Amino acid sequence: MSTLTAEREAGRATATTTDPAPIPMTRLVGVELRKMFDTRSGFWLMTSIAITALLATGAVILFAPDSEITYNNFAAAIGVPMTIILPIMAILSVTSEWSQRNGLTTFTLVPHRGRVIWAKAISAVGVGIVSIIVAFSIGALGNVVGSTITGADLVWDLTWQNLLYITFANVLGLLMGFMLGVLIRNSAGAIVGYFVYALVLPTLFGMLASFQEWFRDIQGWVDFQFSSTRLFDGGLNSTEWAHLGVSGFIWLIIPMTVGVWLVLRSEIK
Amino acid sequence: MITVDALTKTYGKFTAVDDVSFTARPGRVTGFLGPNGAGKSTTMRVMVGLTPPTSGDVTISGRRFRDLPNPGHEVGVLLDASAQHAGRTGREILTITQRTMGLPKLRVEDMLARVSLTDEEAGRRVRNYSLGMRQRLGIATALIGEPEVLILDEPANGLDPAGIRWMRDLLRSYADQGGTVLLSSHLLHEIEVIADDLVLIGDGRIVAHGTKTELLQAAGTVVRTASAGVLTRALEGAGITSTASPDGALRTSADPARVGQVALAAGVALTELRSAEGAGLEEMFLELTADSQREGAAA
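Line by line, the protein sequences give chains A and B. If you read the first sequence in numbering that gives the first Met the number 0, its first letter stands for residue 0, the second for the next number, and so on. If you read the second sequence in numbering that gives the first Met the number 0, its first letter stands for residue 0, the second for the next number, and so on.
Chain A extracted, bound-state conformation:
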């Protein structure tokens, strides 16, 4: 009788088991995008990009001398808060899964953790690029308004190429934040890590370079912050691109690989 029951159960199981379609990447990216905006903190973090861009623009109009009302100065003023907010946004998109523990649900619904990390990376970079475009637009508006108020000539002293370079530099900063988020998996720890990278290390490397000649020669190869800052100044020559590639490999690719490896193997509690 037990075999009969077992057979009936097996029959029922096969009858009802029609495989659901696997979860497509586009859907995961959509969900991760939504998760970046659907909390009050997430929403205000995103909004703060626009707000700080407006404040920076206003400050340039108010405080800069008439001759300095140029697009380059607007872009520079807007760029400062961006280099901080975008990496933090990227950090939180990863670390909230651990700090808030909703990773328990996320990684149960999608057991392939690498796909979740990819989806987060894609949505973070996407949001980053859109934010940069919004900020540039606010700066352009400020330039027009500022020139009208002061009566000065409109100065567009940044080329499309410059804008692309600046965007790329910001995306690299964002990815550094993302990497730290994946590697450290704790909001406070990763944010501190980013500030050490962005504010403390350049000072240390700068001192090292000014005192030690041997370091000055290799700084471009080993100091990612140094070599990516060149992007803000415009065109890179082939050596500078090589610097960026090598230092990026050391500072971004290797730790990111370690971080993803840890995420895939860690226990989620």
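Worth flagging that the hints you see were computed from the coordinates, not collected in a lab. Because the structure is a prediction, the values reported are computed rather than measured. Among the clues, some could well be false.
Simulated crosslink set (SDA-like; lysine to any residue; CA at most 20 angstroms straight-line) [as the list claims (entries may be wrong)]:
| id | chain 1 | residue 1 | chain 2 | residue 2 |
| --- | --- | --- | --- | --- |
| 1 | A | K268 | B | A237 |
| 2 | A | K268 | B | R98 |
| 3 | B | K12 | B | T50 |
To list a few chain A residues with every Cβ distance to chain B over 10 angstroms, as calculated [unchecked claim]:
| id | residue |
| --- | --- |
| 4 | Q99 |
| 5 | G233 |
| 6 | V259 |
By construction, the Cβ of each residue, glycine as well, lies at the ideal position given by its N, Cα and C atoms.
We have chain A; now place chain B onto it with these hints.
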């Protein structure tokens, strides 16, 4: 159907789960019972791929969890109702699950109604939820994909008596419709009223498993006599250890027929002889887990 096969999980020298094997069958509620820290949650996390096992394997309907194309459709999971972003609303958390699984939008409101979360409650942020409301939301998340298998870790925690009754009815009807339900608890009476099958775990090891009826029958014997000392010695002679209860009765793990024979051979008149099932699972639970329980170690 959930099949746990020789599962072991160690952390350094500490063995959290030690060679655990059992099956949770369709159409039945399987209670996973053990004191705190016995390895229930670790076993459940391994089931859903959150914790890598040291050795052994868990399959769900014959497949490993990570090989399921869209797991939420096949396995409903609630491991920790508090493990949610505190800044999201209940409705938003359910919406994220609905979108991840690719379900119709309507399902969110259906599920909120099913777990009796009102419109106003669903719009509140989870940080303002009581544990009972979080459990309801967690149940909604687990049920939204209409899975065939449910894995619930301490789902009754924080529920009020009406909520516990509701949960019991829900899981019962789920199993009656052919679903597999595995739920853990450290509270006996909670499991006793709902489970068909029981798996008792203590110190990472399975100490007993079987149907509830079987386990109740195996719970031993209560025997009462005017000459308890004589009977104790007779039982000892037959290789049966017995313990005296404060009320004067003797308890043994042997079955009543055997105890009756020993008493007859010893010429002891009994005033009572019965299976100990009336005492419930509690006695068995305490006895089986005594070695591993903190309270047991202190006594």
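Straight-line Cα separation of K268 (chain A) and A237 (chain B) no greater than 20 angstroms?
violated, 50 angstroms
Taking the closest pair, is the beta carbon of V259 (chain A) still more than 10 angstroms from chain B?
holds, 15 angstroms
Check the non-interface label on Q99 (chain A): least C-beta distance to chain B beyond 10 angstroms or not.
violated, 4 angstroms
Does the structure keep K268 (chain A) and R98 (chain B) at a Cα separation of 20 angstroms or less?
violated, 23 angstroms
Can the restraint linking K12 (chain B) and T50 (chain B) be considered satisfied, given a maximum Cα separation of 20 angstroms?
holds, 17 angstroms
Claimed clearance of chain B by G233 (chain A), with the beta carbon kept past 10 angstroms:
holds, 41 angstroms
Hints 1, 2 and 4 from the earlier list are contradicted by this structure; the remaining hints agree with it.
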